[in-house]
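J.: Chains as they are written, first to last, in full-length UniProt numbering: chain G, 1 to 208; chain F, 1 to 208.
These aren't lab readings, by the way, just hints derived from the structure by calculation. Keep in mind that this is a model prediction, so the values were computed, not measured. Among the clues, some could well be false.
Which copy? The list can't say, so a pair holds if one copy fits it or any two copies do.
[Said to hold, decoys possible] Derived lysine-lysine pairs resembling DSSO-like cross-links, with alpha carbons at most 30 Å apart:
hint, residue 1, residue 2
1, Lys7, Lys189
2, Lys111, Lys14
3, Lys155, Lys14
4, Lys198, Lys54
5, Lys111, Lys155
6, Lys111, Lys21
7, Lys167, Lys21
8, Lys50, Lys190
9, Lys88, Lys71
10, Lys164, Lys43
11, Lys189, Lys164
12, Lys21, Lys198
13, Lys111, Lys190
Protein chains: 2
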Amino acid sequence: MSDQLQKLFPSFSKELIQDIKANEVIKNFSSGEIIMRTGQYIKNTVLVTKGTIKVYREDDDGGEFFMYYLKPGQACALSMVCATKNEKSQIMAKVVEDAEVIMVPLSLMDKWMMEHRSWYEFVIGTYRNRFEEVLEVIDSIAFRAMDERLEFYLKRQVEACGCKELKLSHQEIGSDLNTSREVISRLLKKMEQRGLVKLHRNQIEILM
Amino acid sequence: MSDQLQKLFPSFSKELIQDIKANEVIKNFSSGEIIMRTGQYIKNTVLVTKGTIKVYREDDDGGEFFMYYLKPGQACALSMVCATKNEKSQIMAKVVEDAEVIMVPLSLMDKWMMEHRSWYEFVIGTYRNRFEEVLEVIDSIAFRAMDERLEFYLKRQVEACGCKELKLSHQEIGSDLNTSREVISRLLKKMEQRGLVKLHRNQIEILM
DNA sequence: AACTCAATGTGACAAAAATCACATTTTACC
DNA sequence: GGTAAAATGTGATTTTTGTCACATTGAGTT
């Protein structure tokens, strides 16, 4: 079991792995479940060991804007910096493939930062990577029109799932990009005509 | 002099202040100067002691999208997590009011994180705050139309400068929001009709 | 086979934003 | 005081995006 942890988080030291195993609470979630809601208090740092989690920013009117995926071997950056205060979550996290996560009490965060060099580097690295990912998301909405935003979105999905057959409905894409299904349908059709994708029911084959 | 540092960064411990003073390189920049360019290697952590710095995300076609301000007592979050590797800057920072900054070699970052609790908390807090600020920026572009984005933008300017008379041209606002001057001029006119602002040449008086 | 429901296609139209083309107004500076 | 440059105002037009209203298609169920 600790072998598995080590495989998922190869940078972690043996001592850190031991510490995690001594304190972890493992939780399982099924597809569709919401792990974290906007405004909910964060009590744990979340390490993903199985499945896929989608992280969203929500607005007041029920809009859900897709930010990034959490996959095995990754951690929720925001759940790592709520150290001292009772901070509320600024994001919503939804499971899209049955997931298993390790919950580590926030109180241990600070301690491990000092004691485990590999934890410190993991946290800093996680933060940096997420920040940069979010900056790219900003690029796409600030600088690009919807057609390019869609291409960017599809590319990220391919990266995340590691395959070129995306199981996504036009409705879901529209919702993730905060636009309407019709717009997505039309843009996808254009992309198909350009030979960039092949459309099937509930599946988009990426040819780029 | 160390009194001044202490005043700007009240959470810093005396020992940390001493360490900073022993290692700092102070640099001055005039309005208009660019402190950091996109793609440039980051060698220092930047602490702002005077002036105002605007942080932008750039695109390939010369677009500059305004992200946030750096004011005295604050630090560039991104310059704090490039620890080990030779990382390139993902943002551009431009001085808008003559500024003085303290450059701390990145090599000291890790050391201080372990040695100074107050530095550790400052770094984590800086990171968290910037992340949240960036999330709000995402909200505004992902969920809101240009009229609301403009209001959000103006509110942030008021917060940053601490006054209600903003010295901004319509062109600059348009550029910051990645839209055209005409759009901004028209929206501002509408806001003036609604009694939210009063327009002058090179100055916008905020009445909200 | 008939039915239901989710997913997708599509035309028509409205609204928002971008672009173009000038007019007007200040300000700064010879 | 005259002039150039910067800042702002505004109409006309196009493009992009959002919305509405239905048609069609396909998959699964009974």
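J.: With identical chains treated as interchangeable, where does the CA-CA distance between Lys189 and Lys164 reach 30 Å or less: within a copy, between copies, both, or neither?
T.: within (17 Å within a copy, 48 Å between copies)
J.: When no copy is named, should Lys164 and Lys43 be tagged within, between, both, or neither for a Cα gap of at most 30 Å?
T.: Neither, since 36 Å and 39 Å both go past 30 Å.
J.: How do Lys21 and Lys198 come out at 30 Å by Cα distance, when the copy is not named: within, between, both, or neither?
T.: This pair counts as neither: shortest intra-copy Cα distance 45 Å, inter-copy 61 Å.
J.: Using 30 Å as the alpha-carbon threshold, which applies to Lys111 and Lys155: within, between, both, or neither?
T.: Cα proximity of Lys111 and Lys155: none, with 38 Å in one copy and 39 Å across.
J.: Evaluate Lys88 and Lys71 at a C-alpha cut-off of 30 Å and name the case that applies: within, between, both or neither.
T.: For Lys88 and Lys71, the Cα distance is within 30 Å both inside one copy (22 Å) and across copies (25 Å).
J.: Taking 30 Å as the upper bound on the Cα-Cα distance, should Lys155 and Lys14 be classified as within, between, both, or neither?
T.: Classified as neither; 36 Å inside a copy, 49 Å across copies.
J.: Are the CA atoms of Lys7 and Lys189 at most 30 Å apart within a copy, between copies, both, or neither?
T.: neither (41 Å within a copy, 60 Å between copies)
J.: Could you figure out if Lys111 and Lys21 sit no more than 30 Å apart (CA to CA) within one copy, between two copies, both or neither?
T.: both (15 Å within a copy, 28 Å between copies)
J.: Tell me, please, which holds for Lys111 and Lys14 at an alpha-carbon limit of 30 Å: within, between, both or neither?
T.: Classified as both: same-chain Cα gap 16 Å, cross-chain 22 Å, threshold 30 Å.
J.: Within, between, both or neither: how does the pair Lys111, Lys190 come out at a Cα-Cα threshold of 30 Å?
T.: Neither. Shortest intra-copy (53 Å) and inter-copy (54 Å) distances fail the 30 Å Cα cut-off.
J.: Can you tell me if Lys198 and Lys54 fall within 30 Å by alpha carbon in one copy, between copies, both or neither?
T.: within (24 Å within a copy, 43 Å between copies)
J.: Can you tell me if Lys167 and Lys21 fall within 30 Å by alpha carbon in one copy, between copies, both or neither?
T.: For Lys167 and Lys21, neither the intra-copy (35 Å) nor the inter-copy (56 Å) Cα distance is at most 30 Å.
Figure legend: structure checked against the earlier numbered hints; hints not met, in rising order: 1, 3, 5, 7, 8, 10, 12, 13.
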